[in-house]
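**Student:** Single-letter residue listing:
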Amino acid sequence: MQKIFALLLISASMTAFAADIEIKLVIENHRFQPETVNVPTGKKVKLVIENRDSTPEEFESHPLNREKVIPGKSTGTVYIGPLAAGTYPFVGEFNEKTAKGFIVAK
Amino acid sequence: MFATSLIIFREVLEAALVIGIVAAATRGIPARGRWLFGGAMLGLLGSAIIAASMGAIAQFADGIGQELFNACILGAAVVMLAWHSMWMASRGQAISQQARSLGGAIRGGRQSLSILLVVVAVAVLREGAETVLFLYGISVTGTTSLVEMIGGGALGLAGGAAAGLALYMGLLRIPVRWFFSVISVLVILLAAGMAAQAARFLVQADLLPSLSAPLWDFSNFMPNESPAGAVLHGLVGYDAHPAGIQVLFYVTVAIAIALGTQWAKSRTISAKK
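Residue numbers (this note's numbering), protein chains in the order written: chain A, 1 to 106; chain B, 1 to 273.
It is worth saying that the hints were derived from the structure and are not from the lab.
A hint or two may mislead.
Unchecked claim - Partner residues aside, some chain A positions facing chain B, computed with beta carbon under 10 Å: (1) Q33; (2) E35; (3) T41; (4) S74.
Stated by the list, open to error - Distance ranges between label pairs, derived from CB positions: (5) B:T268 x A:T87: 39 to 45 Å; (6) A:K100 x B:A48: 56 to 62 Å; (7) A:S54 x B:D62: 38 to 44 Å; (8) B:A258 x A:R31: 43 to 49 Å; (9) B:L45 x A:S54: 23 to 29 Å; (10) B:L68 x A:K97: 27 to 33 Å; (11) B:V140 x A:I21: 32 to 38 Å; (12) A:K97 x B:S226: 48 to 54 Å; (13) B:R177 x A:K100: 50 to 56 Å; (14) A:P34 x B:G75: 56 to 62 Å; (15) B:L45 x A:I23: 48 to 54 Å.
All C-beta atoms, glycine included, are put in the ideal place defined by N, C-alpha and C.
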């Protein structure tokens with residue numbers, strides 16, 4: 001059990017160092033900027049999402065299997081990938097009409 | 001109003017399904033209604049506190065506080081469900097035999113209720129906090145009228161509660177002979193699903209490797225956001241495109257609780273001899 005835990009810890013710390021690509025995303029007026037995010041395939045990407053609105057937003061992507069509440073006037077981090085080539089839509093669940101975007105892996 | 005109610009419904013559904021299973025699992029234990037209600041109220045109170053401190057939680061631990069928090073409370077629920085499953089195996093047989101005689105069920109019933117109170121509170125807490133934030137958001141922006149907000153909220157809440165009630169009524173129709181076995185399997189799968197969700201949050205926070213994501217993709221066949229997908233997600237932790245580590249967590253926890261339950265059962269039987 002301890003060995004497994006140690007292995008998990010080591011692999012966790014290794015993966016933490018492996019994330020070298022960081023992409024900024026801004027939420028303003030319930031819209032994402034940019035709405036299309038290009039990322040390389042096969043790499044882990046750190047999405048840093050800054051919510052400039054005063055209201056909370058939930059970054060959600062079913063294809064990416066990610067969901068995270070970003071409170072108003074704050075920044076949240078979501079790790080995604082490594083991804084296969086393709087287009088992965090995401091939304092701001094609390095304002096689905098306007099807050100939409102795509103992650104394009106190529 | 002429909003958009004508002006749909007979001008509320010999605011948030012309420014998962015908690016309602018958990019409460020449906022727990023209500024069925026505590027069948028025959030007196031005063032369970034008070035305990036389940038207490039759990040739900042504790043969860044609601046907690047949601048409000050969590051929602052108010054979401055800013056602080058989000059900033060904690062380099063922006064991954066929310067994932068750590070979610071993984072921790074899911075982990076707590078998994079432990080409670082595992083505990084309950086083993087408890088039910090060792091004491092539940094006696095209770096199922098005496099299901100109709102109140103006196104027999106009181107002994108030990110309280111312990112089960114206090115464990116499940118935590119499970120209900122956690123289920124409500126997780127979904128509740130998001131609901132509170134969402135409602136706060138639309139009330140501040142003023143794009144949605146108060147009537148729409150309250151009406152949509154009530155409609156979504158009623159829909160979710162109806163789903164939980166339907167599950168409960170359905171479970172009660174299972175013949176007593178199989179009832180405890182079915183509940184026991186449901187509790188194990190519920191716990192396994194929560195463990196898989198905890199793993200997903202830890203991958204999102206980059207604390208665990210994804211081990212191939214997705215391991216498979218059923219999103220053309222039954223996406224997570226489809227009605228069947230959402231119900232199965234709440235019940236048994238269905239995920240259309242899970243990461244490898246989620247499947248690993250799911251299978252490991254399911255097997256561990258099943259083995260523990262078997263052990264508890266065999267120990268009770270040998271003790272009786």
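**Student:** Decide, hint by hint, whether the structure agrees.
**Tutor:** Cross-check of the supplied hints:
With its C-beta approaching chain B no nearer than about 18 Å, A:Q33 sits outside the 10 Å limit, and its interface hint is violated. At its closest, the beta carbon of A:E35 sits 20 Å from a beta carbon of chain B; the interface hint therefore is violated under the 10 Å criterion. Hint status for A:T41 relative to chain B: violated, with the closest Cβ pair at about 13 Å, above 10 Å. Below 10 Å, beta-carbon pairs count as interface contacts, and A:S74 has one with chain B at about 6 Å; its hint therefore holds.
Take B:T268 and A:T87: their Cβ atoms lie about 55 Å apart, and the range 39 to 45 Å is violated. Take A:K100 and B:A48: their Cβ atoms lie about 30 Å apart, and the range 56 to 62 Å is violated. Range check, A:S54 to B:D62: Cβ separation about 23 Å, and the 38 to 44 Å hint is violated. Between B:A258 and A:R31 the C-beta distance comes to about 48 Å, which sits within the given range of 43 to 49 Å.
With their beta carbons about 25 Å apart, B:L45 and A:S54 fall inside the hinted range of 23 to 29 Å. Hint check: B:L68 to A:K97, Cβ distance near 31 Å, so the stated range 27 to 33 Å holds. For the pair B:V140 and A:I21, the supplied restraint of 32 to 38 Å holds, since their beta-carbon distance comes to about 34 Å. For the pair A:K97 and B:S226, the supplied restraint of 48 to 54 Å is violated, since their beta-carbon distance comes to about 21 Å.
Between B:R177 and A:K100 the beta carbons are some 51 Å apart, a value that agrees with the proposed interval 50 to 56 Å. For the pair A:P34 and B:G75, the supplied restraint of 56 to 62 Å is violated, since their beta-carbon distance comes to about 36 Å. Checked against the hint of 48 to 54 Å, the pair B:L45 and A:I23 fails, with Cβ atoms roughly 38 Å apart.
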